[in-house]
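Trainee: Residue-level listing of the chains:
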Amino acid sequence: MLFRLTLLLLCVVLISSLPNHAQPGVVAQLPRATRAEVVARAQRLANHTWVCGASNLRASCSHKYLSDWKPGQRVTGIPYRWGGADGPEEFDRKLANGLAAGAHSRYGILSCAAGIDCSGFVTLCWGLSHTGHSYSTSNLRTIAGKPKYNWFTDMKAGDVMNKAGSHVVLFTGYNPDGTISVCEASGSKSRVVCTKTTWSRFKGYIPLVYKAIDD
Amino acid sequence: MVRPSVVISLILLFELVACDASGRRPEVAQNLCTIPLTHVLRIPVTTLAPQTTADVSPATLMISPGATDEPPEGPDGFDVLGDGSLLITDPLRGQLSSFDSEGKFRKAWKIGFPADSVTVIANGLVLVREANTGRLHAYDQDGQSRPVQGDVLPERSEARVQPGQNRGTITRPSIGNSAGGPLAIQFDKPGLILLSLQSLATDERGDTYVALETTAGGPTSEAINLNKYVRRYSFDGRLLAEIADIPLDYYVSPVDELRVHKGVVYQLQTTGSEVRVNVWDTNQLCSSGSH
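These protein sequences, in sequence, are chains A and B.
Residues in the first sequence are numbered from 1 upward in steps of one, following the numbering used here.
Residues in the second sequence are numbered from 1 upward in steps of one, following the numbering used here.
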């Protein structure tokens, strides 16, 4: 009886000591990033200015594609592309090669388009440019953990708010009126933007902290 | 044997304690008028699909269901015109749609770009924000394009929350006979914490409408959870009315979430099956009260 109890207790201790999303190998290989670096990358993606050429209005791999832009239009912010993870240099290169500027999910994942989506954006901000688009809102928790702090007062710039299967945004700060500032690759705004917003937008989201952040 | 006077004293003492425990601001509780949802305007939607043709009914608004890692898109901006009719953005069709005060379709303005915000300004012009650029475009109330000259969005009143103290201030503009100035906001509901304050409007009599976001949860809850209230304050700072049943289960996140017109509060709530405009009339229940 005592042996069984000891065995049971040992099992409980072993199971409880396992991390929820234990992937130590993955975490060890993550690039380190300071919060200032994360925010600077976000602002660079939001402030990147480009001009839409005639060839960037069409997508050679989709006959139903409709562009969000006008010929010759000067735009601030990397355009939204579902499934994309292009940083400024990669985006400019693709744009020069005549790829379409941005695309929404209704056209499918277009290899003939350039731009970035929500999870591509936050992972690029964290410095994961070498991984392409390995992480989505559904598996982001393998590289970002749920914090124990009070979300409404103690989030730090560079943390994210994630809704698995839907959307993720980068938190950049609290405002004096109690609202928050975020940066995101927004489908409805067709590009990367940094905005001030109310909390109600994020009901049901879960804050996450990048596991390789340097505080 | 217990004396009757002692029993009466004990009962009075108990009543006094119970009354004090029930609320620290009895003056607010007595005057506070909670406004229930007055009515809902329901506007049909068309869901964007590969087979969607251009000849869908103009009386509907279009939504896109999105996909994994792409939230739904659709109507996210609106405002109320002087006669109580509504202008709602229809970004997926590059137009604005006009509905009467009962939600009946009037007409669509072809604007040629996706809009995410509409604001009717004091001179009657309609300022429409282009979602892809943030640029403002001006229209008259018949939908005719007008040059944007000195027309700018009205400046929002400054708000400030004192963290951890469930109170804050709104700086009101001076309108009519109302001198404006700071409005103190105190939020006293057991177990709830004030998160944010947003001034929605100050009307011609000087009453100010304020949106408050509050939460009961913190790190212990599974996900971010919160409530939203709208309060109406008199020009001299008295809390007149409160709306407490604002639904926050959005299918499309609104940019213009709440609007106020002549004491009526409107909320844009795009769902997967219709666009709802929830309406609370703060004039009705409080008209015989304190103002």
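Because the hints were derived from the structure by calculation, they are not lab data.
There may be inaccurate statements among the hints.
To be verified - Cut-off 27 Å, straight-line C-alpha distance, at most; resulting in silico cross-link-like pairs (BS3-like, lysine-lysine): (1) A/156 <-> A/211; (2) A/64 <-> B/104; (3) A/148 <-> A/163; (4) B/189 <-> A/148; (5) A/203 <-> A/156; (6) A/163 <-> A/146; (7) A/70 <-> B/110; (8) A/146 <-> A/64; (9) A/203 <-> A/148; (10) A/211 <-> A/196; (11) A/211 <-> A/148; (12) B/189 <-> A/203.
Computed from a prediction, not measured in an experiment: that's the story for all the values here.
Trainee: Each hint needs a verdict: does it hold in this structure or not?
Mentor: Hints, one by one, checked against the model:
{"no.": "1", "hint": "A/156 <-> A/211", "result": "holds (13 Å)"}
{"no.": "2", "hint": "A/64 <-> B/104", "result": "violated (33 Å)"}
{"no.": "3", "hint": "A/148 <-> A/163", "result": "holds (18 Å)"}
{"no.": "4", "hint": "B/189 <-> A/148", "result": "holds (25 Å)"}
{"no.": "5", "hint": "A/203 <-> A/156", "result": "holds (19 Å)"}
{"no.": "6", "hint": "A/163 <-> A/146", "result": "holds (12 Å)"}
{"no.": "7", "hint": "A/70 <-> B/110", "result": "holds (17 Å)"}
{"no.": "8", "hint": "A/146 <-> A/64", "result": "violated (40 Å)"}
{"no.": "9", "hint": "A/203 <-> A/148", "result": "holds (18 Å)"}
{"no.": "10", "hint": "A/211 <-> A/196", "result": "holds (26 Å)"}
{"no.": "11", "hint": "A/211 <-> A/148", "result": "holds (14 Å)"}
{"no.": "12", "hint": "B/189 <-> A/203", "result": "holds (20 Å)"}
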